[in-house]
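Enquirer: Given next are the chains, with one letter for each unit.
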Amino acid sequence: MRTLTYRQALREGLDEELARDENVVLMGEEVAQYNGAYKVTEGLWDKWGDKRIVDTPISEAGFIGMGIGASMLGVRPVMELMFWSFHSVAFDQLVNNAACVRYMSGGLCHCPIVVRGPANGGTNVGATHSHIPEGLFAAFPGLKVCSPATPADAKGLIKAAIRDNDPVYFMENTLLYGNVGEVPDPADGDFVIPLGKADIKREGTDISLIAHGRSVIHCLAAAETLQAEHGINAEVLDLRSIRPLDVDAILATVAKTHRVVLVDESKPFGGVSAMVSHLIQEHAFDELDGPIKRVCTIDAPAIYSPHIENEQLPNPKRIVEKVLSMI
Amino acid sequence: MSALNFANSPINQSLTPERKIELYSQMVRIRRFEQTGLQYYQGGKIGGFLHLYIGQESVAVGTLSLCGENDHNITAYRCHAHALASGMNMNECMAELFGKQTGCSKGKGGSMHFFAPDKNFWGGHGIVAGQTPLGLGLAYGLKYLGKEGCCLCFLGDGAVNQGAFHESLNIAALFEIPVIYVIENNGYSMGTSQKRSSSYTGCLAQRAEAYAIEWDVINGSDIYEVRAKTQIAIERAHKQQKPTVLEIDTYRYYGHSVADSKHKGGYRTPEEIEEYKKSHDPISVFRNKLIEEGILNDELIDQINKDAKAEVAAAVQFAEESPAPTIPDISTDVYWETDNQTEASKIGHHFFA
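Protein chains in written order, with the working numbering: chain A, 26 to 352; chain B, 381 to 733.
Careful: at least some of the hints might be erroneous.
Unchecked claim - In the EDC-like style, the derived pairs of lysine to aspartate or glutamate whose C-alpha atoms are separated by at most 20 Å in a straight line are:
| hint | chain 1 | residue 1 | chain 2 | residue 2 |
| --- | --- | --- | --- | --- |
| 1 | A | LYS76 | B | ASP709 |
| 2 | B | LYS400 | B | ASP678 |
| 3 | B | LYS527 | A | ASP273 |
| 4 | B | LYS726 | A | ASP273 |
| 5 | B | LYS527 | A | GLU47 |
| 6 | B | LYS726 | B | ASP709 |
These are computed hints drawn from the structure, not numbers from a lab.
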């Protein structure tokens, strides 16, 4: 199968949706003439022009609110946040307007938007640029959140997100943009991955590592070490979508291995893994052979220092250590 | 009073006597609706906040009377008048205040969140200035979809200091978006007067100059002036796809909300309120003009009052008799996909216990 980078896969997904639906419009800071701060949208302005690919001023509350308003009339804006960390200056639009307008109107207003961009630590840019808000936004009913780990998932999920009739907050990762992976050829059919469907990235029998986003990649590396050096056969479940959440897949892997480590780039307090942990204890308590453990980002604002930032984040070494502490 | 007689502007000249009576009746209906709402609020039938529009009726009625098929509007939390002037009926509005299933938002929005997209009315928004980017987006959407229309986006004088409004003005001018921001200046952002809340030179609308946007100031007590000057902005939006900022001077007789106990004798004097009621009340001013024009007489005025009263009484009865939302209703209207039972809605859990 052909391979693409995560960035190329996303771009191909965006390009296909621009072609499929004339109401899809990409907007954000530097997405058009500059070709995207992280080059996700490279070449799309040349191909689609000013109407479909729109450079906005640095004005997140303004252009995200504008996209929400336009979506109520049937436009389907896909808005790039250069960093998801910038959500805070548009928070009212993201949670009061996008998440609540359908509800407060008794179902009369629709808000088919996508807000996408990178949400990750690990690039030595300090606390303000390293927020990981998937758990935060998944806490608002009315919103959907996903966080792909591989090029194929990035393409399949961005297409599903754009077709979805609810607001979808799509969290990418600057450290994954260059990763290469197999992605089905468009000639072989429309490749869409539905929201709400987790994916077992590695089959295993001894312990379940449940993660999303870049943590999945760390889990896969940790699983190889555990197998090679300790004879532990770990299963890696990639949530892919945070809300809707594939609870069945979570419970199934727990029932299979009976031990769980949740790996989550969020902070420990109230993160995605906190919710997953609750679901497991409520619905699969008797399947557990021991307490659920977590590897999260160490509970402090993101540190700048390149010498130490990777130690604050989940990484294969921390995952291996956590697993070994349990067995 | 203005030296110009706006009754003679072409857009007002084109009004038939029937249409003038209709505009007058609209204002009367809206006031009666809110007066009755206040009674039932005080009687404990309506929860939360109740932001009354009484005193400002000419703004919503005058501006929205100019709207055509592709003209949309959106406002903040003082939204009852815009809803009724957009063509919503009193039953669905009163039932919403009463928190009933038959309310326009099924009892999920309340006083601040009336909606009727089928009548081009997009709410009803609770956060000060939070609706200003949405109004921009509605107008952007019209332009994107190739429709000759505009969005009237209403905001209060307190909203002009919010960042979202300034971001919206910048984008509106930059992208040439047919949005008209209508500042309904009633002089007070809650309990803080304009002078204590805003830094400005001539007026609030003048801030538009910084964004190279056309602006105007309107005497809100004269519905003819409201219509004449708003029409210019609508034509600019339709023909040039350019934004406008209008500032309409108006006044509210009641507090910021009914819970605002300091509005009379606190941050403003009873004399100030009385002076507005006496000399600037938009309904009285228009009534006197229509009497002078020979269009209204005592009998008609009486009939209009009676009709409004009967309509509101029926709406109250409708609201009283309507069922309340049920516990299962709490979980609908959250996601389009789950409401419509789509394939996507069956994959994964959307809701959590």
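Enquirer: Each hint needs a verdict: does it hold in this structure or not?
Expert: How the hints compare with the structure:
1. A:LYS76 to B:ASP709: violated (40 Å)
2. B:LYS400 to B:ASP678: holds (16 Å)
3. B:LYS527 to A:ASP273: Not OK: B:LYS527 and A:ASP273 at ~46 Å, beyond 20 Å, violated.
4. B:LYS726 to A:ASP273: Cα-Cα ~12 Å, so holds.
5. B:LYS527 to A:GLU47: This hinted pair holds, its Cα atoms lying about 15 Å apart.
6. B:LYS726 to B:ASP709: holds (19 Å)
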